[in-house]
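*Asks:* Here is how the chains run, residue by residue.
4 protein chains.
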Amino acid sequence: MKPQASGAEVAAVCARIESLGFRAHAMPGAQRTAIGITGNPGPLDPELFEMLPGVAEAIRVTKPYKLVSREVKSEDSLIRVRAIDEGAAEDVVVGGEELVVMAGPCSVESREQCFAAAGAVKASGARVFRAGAFKPRTSPYSFQGLGEEGLKILAEVRRRYGLLIVTETIDPENVELVERYADILQVGARNMQNYSLLRRVGRSARPVLLKRGMSATLEEFLMAAEYILSEGNYNVILCERGVRTFADHTRNTLDLSVIPAVKTLSHLPIIADPSHGTGKRDKVTPLARGAVATGADGLMVEVHADPDRALSDGFQTLNPAQFEALMGQVEAIAAVLGRRTARGAARV
Amino acid sequence: MKPQASGAEVAAVCARIESLGFRAHAMPGAQRTAIGITGNPGPLDPELFEMLPGVAEAIRVTKPYKLVSREVKSEDSLIRVRAIDEGAAEDVVVGGEELVVMAGPCSVESREQCFAAAGAVKASGARVFRAGAFKPRTSPYSFQGLGEEGLKILAEVRRRYGLLIVTETIDPENVELVERYADILQVGARNMQNYSLLRRVGRSARPVLLKRGMSATLEEFLMAAEYILSEGNYNVILCERGVRTFADHTRNTLDLSVIPAVKTLSHLPIIADPSHGTGKRDKVTPLARGAVATGADGLMVEVHADPDRALSDGFQTLNPAQFEALMGQVEAIAAVLGRRTARGAARV
Amino acid sequence: MKPQASGAEVAAVCARIESLGFRAHAMPGAQRTAIGITGNPGPLDPELFEMLPGVAEAIRVTKPYKLVSREVKSEDSLIRVRAIDEGAAEDVVVGGEELVVMAGPCSVESREQCFAAAGAVKASGARVFRAGAFKPRTSPYSFQGLGEEGLKILAEVRRRYGLLIVTETIDPENVELVERYADILQVGARNMQNYSLLRRVGRSARPVLLKRGMSATLEEFLMAAEYILSEGNYNVILCERGVRTFADHTRNTLDLSVIPAVKTLSHLPIIADPSHGTGKRDKVTPLARGAVATGADGLMVEVHADPDRALSDGFQTLNPAQFEALMGQVEAIAAVLGRRTARGAARV
Amino acid sequence: MKPQASGAEVAAVCARIESLGFRAHAMPGAQRTAIGITGNPGPLDPELFEMLPGVAEAIRVTKPYKLVSREVKSEDSLIRVRAIDEGAAEDVVVGGEELVVMAGPCSVESREQCFAAAGAVKASGARVFRAGAFKPRTSPYSFQGLGEEGLKILAEVRRRYGLLIVTETIDPENVELVERYADILQVGARNMQNYSLLRRVGRSARPVLLKRGMSATLEEFLMAAEYILSEGNYNVILCERGVRTFADHTRNTLDLSVIPAVKTLSHLPIIADPSHGTGKRDKVTPLARGAVATGADGLMVEVHADPDRALSDGFQTLNPAQFEALMGQVEAIAAVLGRRTARGAARV
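Chains A, U, C and S supply the protein sequences, listed in that same order.
Each residue of the first sequence is one higher than the last, beginning at 227 in the numbering used here.
Each residue of the second sequence is one higher than the last, beginning at 227 in the numbering used here.
Each residue of the third sequence is one higher than the last, beginning at 227 in the numbering used here.
Each residue of the fourth sequence is one higher than the last, beginning at 227 in the numbering used here.
Just chain A, same shape as in the assembly (with noise of 0.2 Å):
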């Protein structure tokens, strides 16, 4: 749509597309509004839409994915992070001047680990409180997590510290509990092509984040993204967390080139989890500082008042002092790039 196109104007180009039997995607920019059109069985004659008032163009998609690609809309995707707990936490945007850290442990083991997490990344400048309470893990017979009593301690975390909540969700049928609680839902890199998951979390009201599957494409990783806009949910943040290679140094290896390459492809905003892609404690703050060099929107840090004694994932996970020193870092590095941390808002 051209930039002064109006929202009766939006309105009356999807309901044009609908009348076709198609479904439209409305997906608003800074500038200007993009309309995706799927559901058509085959190429559609532009001219069908280029005449209608408010349209600068109609354009073919190449690719296999529509809605999440750039030819769509060429503009980056701001992605607005609201406290479902309305006035409990500021909201906060990924994909613009801001990057966003996300920060805390591996799960949610109790309200008192929660709080000494939450209270340091805080104070660090994280912006969303990250813990699982349903995990999954390799064994049947490790811990599971807390299921929706960690949930509850996690919305008690958003209204004392003020942070946005993300966390796991791993089946379609667990997504309405977790919809209660949490202000963005993750899907894990094991159910990166759980499409029954994908589709159900594209019906949902929250923002997605996505984490690559350990052996995904690029391709497979936007396919994934595409799978859940295609079902309306346009608030997707994309998530690099390591690959599966040969390599042994580090438990995964953290292909920081994907970042450039969605932003190339794609006008979704993508952040990156130096904690699980690296497995190792002492890789993360370098390869943190590496992510927001390389151009991530923003990082996924695991953080543990007493890593030693985390019931999950502690060799990797960060105490606060390490954290706080990464956000330092963090923070001079981001701003070589014109973009900025809660830290130093908050500090001004």
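It is worth saying that the hints were derived from the structure and are not from the lab.
All figures in this text were calculated on a predicted structure; none of them were measured in a lab.
Hints may be right or wrong, so weigh each one.
One copy or two, it doesn't matter: identical chains are merged, so the pair holds either way.
[As the list claims (entries may be wrong)] Calculated pairs, SDA-like style, for lysine to any residue (alpha carbon to alpha carbon, straight line, at most 20 Å): (1) Lys348 / Glu338; (2) Lys489 / Ala309; (3) Lys348 / Val319; (4) Lys289 / Arg337; (5) Lys289 / Ser368; (6) Lys489 / Arg507; (7) Lys378 / Leu537.
We have chain A; now place chains U, C and S onto it with these hints.
*Replies:* Just chains U, C and S, lined up with the frame of chain A:
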């Protein structure tokens, strides 16, 4: 348990285990029954059980997987598959002397297409018909399968051709529907770590065919099976279907070495899928021979009466003449290893 | 060239090619001789050659490799290996009906050790003795081989046991020495893209066994062979020995799919090395069976009279009894494919 | 050795080691000299050395690599590179405060092409000029470099532009020629385990740039460096240039996590090559930033005055304006880490 242990003795041991608050898993073998214990928070004293009547020995399992391990059950598991529509097809046993071949098209497209494929694969010695009614596709815009309509066609195939049915189930909610039509529930590679689905099929009365994930280590593969067994379903058939590597002459790299590796560590049977494992029609037969020679307990092969018109995966699908040639070669190699196929039996 | 083309006609075509400033490569086959052209800066006009006596057709090669391609030579190459010490061992032909087995210890350690292994592998049907006198080791402090002293022991093995000798050569300067003792020059996986070495063995009169590099694509593998052929040595035997992947249940992942893939694209024979390909003794025999069933033209297997005392690679080395069992199984599978081993011949 | 140990004391310890039949490797650091011992068949008694004057402590190395290990030398190695043509270019130290940038075209094509590139990269702050005179190419029919003629052009570049020269040497026989022209000998990724070449450059007086092999583990990478040090050349600069994985959005996957991993285990400096590491022009600058932020001691970047006309690798090569932009960003990120580039120095 001792070979001569009575059913009452097995039941008594199980009751003792349950009375301690743990879970007992009785897995019968050709010679003797193994009883696995899960739910224990730490090591148990072997003496708790060794004095009970019928107990041969109590073994502490050292692997992260327990019930799938040879430490718990040293005899090969024989997985008996029965037609859910009684009398519609002969029972088949996977893991025994017979090399079991499962064949059919990628997707159920129509009754005619399935009947044509079923007639052909039956004539060449297949025992199980494979075809997808629910298809997990990389793109949300690709053909996603006929759903229940497809399942009904599969039920007709069973009755008409005397073939057992294996078909994929894609999420926990979907299992109940697939159970009503299929003799074996397939969990696809993309869902190998979909733990909600694994737990759900673990509570099913149907045998499960579990495909190895594209980047799953052997330990992760066995742990995924453990999820199913830990819920009480001990009838799991593993399937190697290629892993993701840098190699680009095939779509995936079929890792035949996992077959003897599984047999060393686990009592579960394992088959190979050279169709997905290579992704190229002219590589399917050589690798089918290779898989059988390496020790696979069976094969899963894509066959379509007219592969070039298949809606999905046509380039890796054999036509009936190619499948007939494959079966002839496979039968001869199986004979070298002291195994037979239904093809041989049919002709005697 | 036409099947009935005379030697003089072949020579005349070669002379014509050379007169144009290019290089001619005459490669005889069972039915007819193929002549490859290299050194041309761009496409040549087929009419330049098609009118010459004896020429069947002139084909423009579309692959990046030329001389190794089936486009240039459609018939399988039969690589004849002759004992350099005339009469010491019977000729063997790789790529024909006989499945050629090369076996022996990882390294030459002593005359006694080699004699013990040679006697055993000969008795079980091996035709070629393998053992390293120059060992490329990951550590500069590991045993690097006995050097020329080792080569002398290998020459004794040839005369005493009637086995041909294959051994590794590690750099261009080293080739001349190895040529004086070995019947086949081996280029190891780490040197697959050591182009100086490839060029040097390309000027040798000895057949070359070229191992696939640990992360070599099929195209790179064939291009490495092309380096050898482009220098005039057309006697190249390829060898799959496992590639590097994330999988950790074997040391490498033996990629048997490369066997039919090579056969589609190239006329060169290919054998498999299940010892390096798995790195684990109990996986060697199953994968040897698998390789033969998939279509390998031969095997390379590590055998030591007392593997647990081997100076290198003992954990992947068979003892004579294990090798005898392997050969029995391999012979039976080869028979299914219409092939035989020397073992069978010896017993007739 | 103790910080205050005299040269005579160092010499005396070395003499003692040699008198025992072992080899002594004195590696000076900023504060103190480390002396490594190789050639010992097994563990030595620390007391043999701890009583000698100037010795601080004797440490038994537990890693398979010794001389490259931080256990032997805890201080970072500073590798000083001097122009072999005295006074032609300023010395540069790799591993210290300065972030050293090596830039230039893939291959030497002509004097004009090199001068154009050299002028540009010098102006933007590069200290070392890179260009290949001997090119290891996948195809025997591709341009293989100008050879000595190319080396002579590089020598002119050094004198005319005051840039040090790094260029690849491809086999042991070739080293002597390259030594006569280059200030740093490059060992390419394909030759990382070409042990004959490693030993030969280990006997050179020139520093060596060692690129990581495409599927080399960290241990193999360090062991390759150990080959060089074990021959007495302690001036080794490591270089990460991407590894081979399933990912296809870049030509290789640049593994930045190896940078902090090397720094933990070894005292050697490590630089990154984002040109080969990504293989795509638009990914080079983001990954250059990422590498510097992660802790790389320098960069190697392909720059050509007219990349689209380059004879090789043009698609991954920057033009001068792109390189100037890269250097500006890299300088700013280096400053955050307390490092500087020659660019900054030039402008002060």
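*Asks:* Each hint: holds or not?
*Replies:* Right, here's what the structure says about each hint:
1. Only within a single protomer do Lys348 and Glu338 lie at most 20 Å apart by alpha-carbon distance; the minimum there is 15 Å, versus 57 Å between protomers.
2. Taking CA atoms no more than 20 Å apart as the test, Lys489 paired with Ala309 passes in neither setting, with 27 Å inside one copy and 42 Å between copies.
3. Taking identical chains as interchangeable, the C-alpha atoms of Lys348 and Val319 lie at most 20 Å apart only when both belong to the same chain, with a minimum of 17 Å there against 41 Å between chains.
4. In this homomeric assembly, Lys289 and Arg337 never come within 20 Å of each other (Cα to Cα): the closest approach is 46 Å inside a single copy and 33 Å across copies.
5. Proximity of Lys289 to Ser368 under the C-alpha cut-off of 20 Å is restricted to the inter-copy arrangement: shortest distance 14 Å between copies versus 41 Å within a copy.
6. Only between protomers do Lys489 and Arg507 lie at most 20 Å apart by alpha-carbon distance; the minimum there is 14 Å, versus 28 Å within a single protomer.
7. Proximity of Lys378 and Leu537 under a CA criterion of 20 Å is satisfied intra-copy only: 19 Å inside one chain copy versus 47 Å between copies.
In this structure, the earlier hints numbered 2 and 4 are contradicted, and the remaining ones agree with it.
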